[in-house]
Structure formats: C-alpha cells, structure tokens
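Student: One letter stands for each residue in the lines below.
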Amino acid sequence: MLKFILKKLAMMIPMLVVISLVVFLGLRSTGIDPLTFMVPPEVQSQSPEIVEQLREDLGLNDPLLVQYFRWLGNLLKGDLGLTNKGEDIAGIIADRLPYTLELSLYAMLFSSIIGIGIGIISAIRQNGIVDYIGRVLAVLGQAVPQFLVGILMIWIFSIKMGIFPAANRVSPDATNAFVDAFMHLFLPVTTLTIGMVAVLMRYARNTMLDVLNSDYIKTARSKGIPEWKVYLKHGFRNAMKPVLVILMFRIPALIGGSVVIESVFSYPGIGTSMTNAITNMDYNLVLVITLIIAAVMLVASFMVDVLNALLDPRVRLGE
Amino acid sequence: MSNTNSMSIKEQNKSAASSLMKKNIRKFLRNKLAVFGLVVIVVITVACIVAAATGIDYGTPNPTIMKTPPNGEHMFGTDTIGRDMLARVLFGGCYSIFIGVFCAVMSSVLGAVLGAVSGYFGGKVDMCIVRVSELFQAFPQLVLVMMLVAILGTRSMGNMLFVFVITGWMTTFRMVRNEFMSLKGETYVKVCEAFGMSKSNVMFKQILPNVMTPIIVSTTTNVAYFILQEASLSFIGLGVADSTPTWGNILNAAKSIQVVQNQWWIWVFPGAAISLFVLAINFFGDGLRDVLDAKQQ
Amino acid sequence: MGKNFDSKEIILNVENLNTTFVSDQKKIRIVKNVSFQLKRGKALAVVGESGCGKSVTMNSIMRFLGRNAIIKADSIQYNALRDGKVTEYHIEKIDKPHGPEMRALRGPEMSMVFQDPMSSLNPVYKVGDQVAEGLLQHNKGMTKAQAREKVLEMFRKLGIPDPEERIDCYPHQFSGGMKQRVVIAIAMICNPELIICDEPTTALDVTIQAQIMELLKDMQVKDGKSIILITHNMGLVAEMADEVCVMYMGRVVEFGSLEDVFDHTSHPYTQALLRSVPVLGLADGQKLETIPGATPNPADLKGGCEFADRCPFAEDKCRAKDIPMFELSPGHRVRCLKYSSFPLAEGEPAAAEVK
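Line by line, the protein sequences are chains A, B and C. All you need for this note's numbering is the position in the first sequence, starting with 1, plus 73. All you need for this note's numbering is the position in the second sequence, starting with 1, plus 174. All you need for this note's numbering is the position in the third sequence, starting with 1, plus 39.
Bear in mind the hints are in silico, worked out from the structure with no lab data behind them. Virtual Cβ for every residue (Gly too), placed ideally from N, Cα, C. Be careful, since some hints might not be right.
Some chain A residues well away from chain B (every beta-carbon gap over 12 Å; in silico) [what the hints assert, rightly or not]:
(1) S102
(2) A167
(3) L213
In silico BS3-like cross-links for lysine-lysine, where the CA-CA straight-line distance does not exceed 25 Å [said to hold, decoys possible]:
(4) A:K233 / C:K111
(5) C:K341 / A:K291
(6) C:K341 / B:K197
(7) A:K302 / C:K189
(8) B:K197 / B:K298
Pulled a few chain A residues facing chain C out of the computed Cβ check, cut under 7 Å [stated by the list, open to error]:
(9) S185
(10) R208
(11) K296
(12) H307
Bound conformation, chain A alone:
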C-alpha cells in the first residue's frame, strides 16, 4: 500500500514539470512584451535604454529554456515572482487561495452529501417522490447556466429579500468572523453546489440501480438480513467506488465553476485573479495559478486512486 502511494506521488512530479513547461512556453510565445505593462509609456518612449537595461536584468533576453529553468529554480526556492504591477505573487496566492479552497471544498462537501444522498434514495425508491423531484432538478440543473443561477440567487436573496450580501468575502465591520463567513459563503456555495448536484445525483442513482440489480444483492436478501443492511452494507459499499471516480471527474467542473461563480459574486479568490490576470495579460500570475490548479487536479486524482484501493480488495491486493 505504501509503495503504491509513493509510486503515485512520484508520478505527479514529472507531470507538473511538463505542464508548467508547456504553459510557460505557450505564454512566452504569445509575443506580448511584459515590459509594456511594467513601464509607464512615457518612460518607454523617452528612455528606451532603461527598458533595455530592465529587460536584460529580468533575463528576458535569455533563451526561453534558460528562462524556464530560472523560473522553476525560483519557484522551488519559494519565489513566485512579481506581477506586472510589481506585486508579490506569493502574497496574492496566500491571500486568495484559502478563499477559493473554502468555496470549492464546501461546495464539494455539500454536493456530495446531497447528490449522492438523493441519488441513492431515488434508486431505492424508484419513481417515488424523491426520485421525481431529483430528476426535475437534475434536468434544470444541467440546462440553466451556473452564472444565471448565481444571478437569480443574488436577485432573490440579496436584492429582494436582503438576507445575504451579494459580493465579497469579508465585511469590514464584521463582529463575528463565523457569522460573517457564513453570510458571505452561503450564496456562492449554494450556487456552486446546485451545479454539481445535478450530475452527481444522476450518476449516483444509475450506479446504485446497477448495483441493486446485481446478483449479490439477491444473495444478501436470501440471508434474511434487514433491508437497510442490504442497501448500505451491500449496495452502497459497492456503489461508492464508481461514485468516487465520478466525483474526481467533477473536480475540473468544480474549479471551472468556481472561476465563474467568483466572478458572479465578486468573490476574492484565485478564480477572479485568473480572470483579471488574463484580461491584463499578466502572464506570470496566469502561469502560477494554472500550475496550482494542475497540482490540485493531480492531488485529487491521486486521492481517488488511494480511496479506490482502500475500497476495492482487487486493487488493494495488487492484482
């Protein structure tokens, strides 16, 4: 088991290096000169030699591969570089990443509980009321764009009812940090959860239906054990694995969704940073955020591999 984990971890490193190299070269090949954003226009036109000097100092005249390895070296030393405006990227990330993680993890947690829960109940009570409501929600959840759900949320809960704030993450005059967090997180987390629930619910339902049709469920019933044991011990335990896998496949959608949702709720996470960085052509920042997202994705897929192994004796015993 330990060997399995170490092997998977070791495979993540080359993957990250390749991704960063591709993104680095891609962004540098755009032909956009970062100096045009760093140096005020009047300086550029009046003293081009200063610009040249700066370019030399920043190492922008070196071959791209040399630049890449210098960037990588700095990264390993913990220096993430500066934005075009001269802000420290590490500082921005440290400020904003926790907010994004907070948003996505809560959405992940709630959508898993609700989606898998409703999905399984729908499968057990097929064509029952939960199944029916679930199916309608799933259809709507897949048709209405997430940002529109967000706008509706703002319209109903912020503007019409005035319960929750429509933007930001922290109020300057907050007295209780917990209440403040709850108020600001409620709408974005709900919106993101709604988008995630639809697919998870559908998938959990179908998987559970497949499992409940299998022969070992009949074997379990033939032992005379209570139905809840049949469903939980024999059904759910076997449905867990495919559902976990789909949960992993939903993580890209979660991250993509949170980028959009952050934009709807003016939420100060790395999603808005990414959007702004692209609009401002701040490519150092784009590079770092992309790499963080890639790392999150790899960690997620790694975790699913491990959970998969824990849940399935065939994988665990290495066959």
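Start from chain A and add chains B and C according to the hints.
Tutor: Frame of chain A; chains B and C shown alone:
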C-alpha cells in the same frame, strides 16, 4: 415467407431499413419530451435565422429609449444603451447556436479521426495521442480555454471556435478509440484487410459506422455543452469580442448589480433563451439516445 | 380451499400462482396458474426452455421480485417441521416482500443458490464474513468466533480446501466451482429445510458441474433437505429428481414423478424436450431433434394452448380456449387435450379434469 424470397436482397435490405426507420420515428414520437425538445430547437433556430436574414437592427444605440421595460414596441425591452433586446436575443441566438453546432461537430470529427487512428494503429502513435489527451483532461476545460485565450491574445470569433474545438475532442476520442481497439480484432475487419482493402477504407468505411450512434448522440448533447461554455466564458468577459451579441455577451450586462436589481428584462430574456434551448437539446439528445441505442432495443 | 394434503409430508404447496410484470403501462403475465407440491426430503426438478417462467416462479415464492411484479396466489404454503411439530407459513399473505416475516424465513427455513457464482458474491467482503452474515443475523447472541467456527465447519463439509486460509480470502481469489461452494455455504449455513437451486451449474464447466450436483444430492439424501432444482438439462433431471415439473410459457404443462414424466410422457412439449437431449452414442445418421419454431413473445400471446403453434398434433380446439389440467394417474398431471391419444401405460384410468 415466399414473397420475401422472391425479392432481391437489396430490396429486402431496403424494406428492412425503411421499416426500422419507421419504427424508430414512431418510437421517437412517443417520447413527448424529445418531441418537445425538437420543436423548441426548430422554433428558436428558425426565429433567429429569420431575424438575422431580415437584418433587424441589434447594434445601434439609441440614448432616448435606454432601459425601457418590455412594451408593445420593444417586446423584450431595451438594454442599458437603448438597443432592442428582442433583436439582440434573436441575433445572439444565431451566434450562440452557430458556435454550439460548429464546435460540437468539429470536435466530434477531430475526436473521431484521432480516436480511429489511435485505436486502429496502436503502438507509439496511440501512446502519443493518449498522452496529449490526458494532459488536456488534467485541466478544467474552462481553465484550459482561458489559458488558450491568454495565449492567442485576441478574442476573435475564429480564435474562440478554435479554442473550443481544441479543448472539446477528448471524450469522443476516448469513446472511438476504445471501440476501435475492440473492433479491430473482429473477423470481418480481418477479412477486409485480407482482401487488401486500404487502411483508411477499413477504418472509416468498415469500423467507424459501428460507432456512429454514440458519436451522433454525444455531438447533440455537446451542442448544449458548448453553448453553455461560451456563455460562461463571455459572462466573465473572456469570450467573443463584446461587439458580437452572443447570448453570453448579452448576459455580461448582468455583472452589474444595478442591472440585476432594476432591469430584470436585460438578463431574464437571454437567460431564459439559453436555458430553454439547452433544455430542449438535452431532451432531444436523450430521446435520440433511446431510439438509436441498440442495446436498449 | 380445503386442505387436501398432509403438512408433514408436503413441505411446500403452491396453488394458482400468477406473476405479472408491469412495463410501460403494459401488463405481461409471466407465470400463469402455477400449482405444484414438494414432498419433504425429495427433489423436484423444474424444467423448461429459457424464459418459460421457472426462475420467476421461484423468485415469486422467495419474494425476490422488484416492485414492477405483481404476485397473486391462492396459496403459497410452507410447512416447517421442527422436533415433530409442524408450523405453517402462508407466504401469499405476507405483505412486505422484505419485511420481518419474510426475512425470518429466508436463511433458517428456505434459501436459494443462484445461477452465476461469479456475480452472486459481493466482491468487497471476505467470503467467510459473507457466509457468517446470515448466521449472525438469525442467531442473536452468537459471537463472531463461534460463527467463524461454524463457517469453517461448513467449508470443510462442502470440500473447500484449506478452509482456515480460504475463509479470509475475497471472492475474486476463488475459482468458479469454489465460489459456487461458497454460495451453497451461504444457503446452508442456517440449516434451512428447503433449498431452491436456480440452475446452479450452468455457469460452471462440466467436471465441476458433477461435483456440485453430488454435493446437492448428498444434502438431500444425507441431511434430508428438500430441494427444488431449476434446470434445462434433462440429464441432470434424470439423475437428481424424484419429481418433475415441466413448464412452458409460464404454465405447468406436465407434472409427475420421474417415472411418470420420463416413461409415460404425456405432453408433446415434454416429448420434444426429451428427444432433443443429446445422448452419447447417438447412432450414425440419427439426427438430434429440435423443437420447430421459437418461443412466442409473452406480450402477444392469444388464448388457447401456448404450444399449439409448435405442436405437430395441434388442432383447432387447442387454440380455442385455455387448456385445463388433467390428472392421468395420482400425482401425474398434464395440460393437453390430446393426453388420451399418447401411448400410455396399460390400465390407465380415464383422466379427470382438475382445477
């Protein structure tokens, strides 16, 4: 039985095919949601095309009628700079539907060709393409799109189409590749090869038709997917240039809290248009899957 | 309905069992007026082509069918005999298919061995735990260690080698034959009186088949278990069964003792089944017979004898209305209008129509 024997095989095939077709159409018509989907798709598409063909004015700002609520003259009201919302929604539909259909078809074609090559030839070619597809899949598609937007710089329509196609082929690719890997061992493929049929002939005329059904169904649902994707991207301001009124670009106005609060018609109508159209495509796609999926028959 | 049997002798009495499936708002009758009795300590073989309703009949009795199945019966009576005392259970009156009454029966009274051992075991649990589960369920207060002892004992009895080691293995580490032994262990662990085996050997290869059948026969002969064997293998029937129930399109078409059915075959379908069995040493040029035509779709059956379209003796009256059951000799019943024209043993009394 005797009269069927006297028919030529070709006639028999033809009559069998047409009766299967009739059966499928009947089956499809029984599925009310699918029929509803088809009707909505046709109505919206036709309305959009007609509007575009008659050249109604969607772009000229008219400061005298800014932010008018829906009325007899402007059924959907006007936007923040006095443009007719109905015209914008209809025109936007043309762009959005075009983007959805074009990207879905092209990404399916790309995925199918790569999947066929990868699955049929195997070996190093296969490994390379699979690695690339895994690299693409390691990223949230929206982030991938955003990166490509960053790399390409300008937000022209052509660039957008390119970005969507380039990031949308992986699912079709995997499906086609798996199918090719299992089918290339079949006897009939071996027979075709033994007869000296060219490789491209075997791949595209003999094997590919077996995978056409799932490709068609996934292409249909991908239309919805790309429409939503474009809308999201335009909403955060990274989509097609602002002057082009796609549904997403129109909704971009709703980033302003004032608009959400005071001019509901500016975001409700385009929002409803997207949702209704996507809903219709999903219903239609599900119906198509039920009819075409041989496993369920 | 008066009780016309001895509860000590008859372990299971089924009268007019009807099972209907609802799909797409259409009702399809799969099992029609099935009646049979199983004698205590005997083996009953239920034979017929795939789709004839034999599995559905047994699953209806065990109440394993989903919500889309409607089960109706005049009587499904199970008579338990413990310490000389008979307890009657009326399964047809139990409302909930998975409620406490039904669950109390499953395991200690009746249990089932399924067709495919590959999929009958839960892949994520150790086989020992799966066998012990039923035991722990029905014996409150039994410790895990005691249960494990019992399971080991059962494994030894069923000829699973190295039981101490195998008990902690997962199903995927077992071969097909060994898996089926585990499934039988699950069925046997609570010492039930009635065991329903649903084609227990179809998924196994021939040598293993014989071993499993041997095991089942042993259970019947040595432990006095009553067995219902669902199969389409006439060879197995001849070897295993005391009584035979032939089913076609959801109906019992012939029922009787092994001799009755094999030697005084009275239904054209049974005859056809027997003729289509390959026998070693089939003479050169002698063709193995097949039954002409295919089984009709249960959704579009008309009235009359279901077999009429494939029957060489069919007449107009066969298609007119449903065929009643005729009793040829005590315990030998057939659903055919032309029973009298078949070669029967001499001195056969005129058959009486039974309900």
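Student: Which of the stated hints cannot be reconciled with the structure, identified by number in ascending sequence?
Tutor: 1, 3, 4, 5, 8, 9, 10
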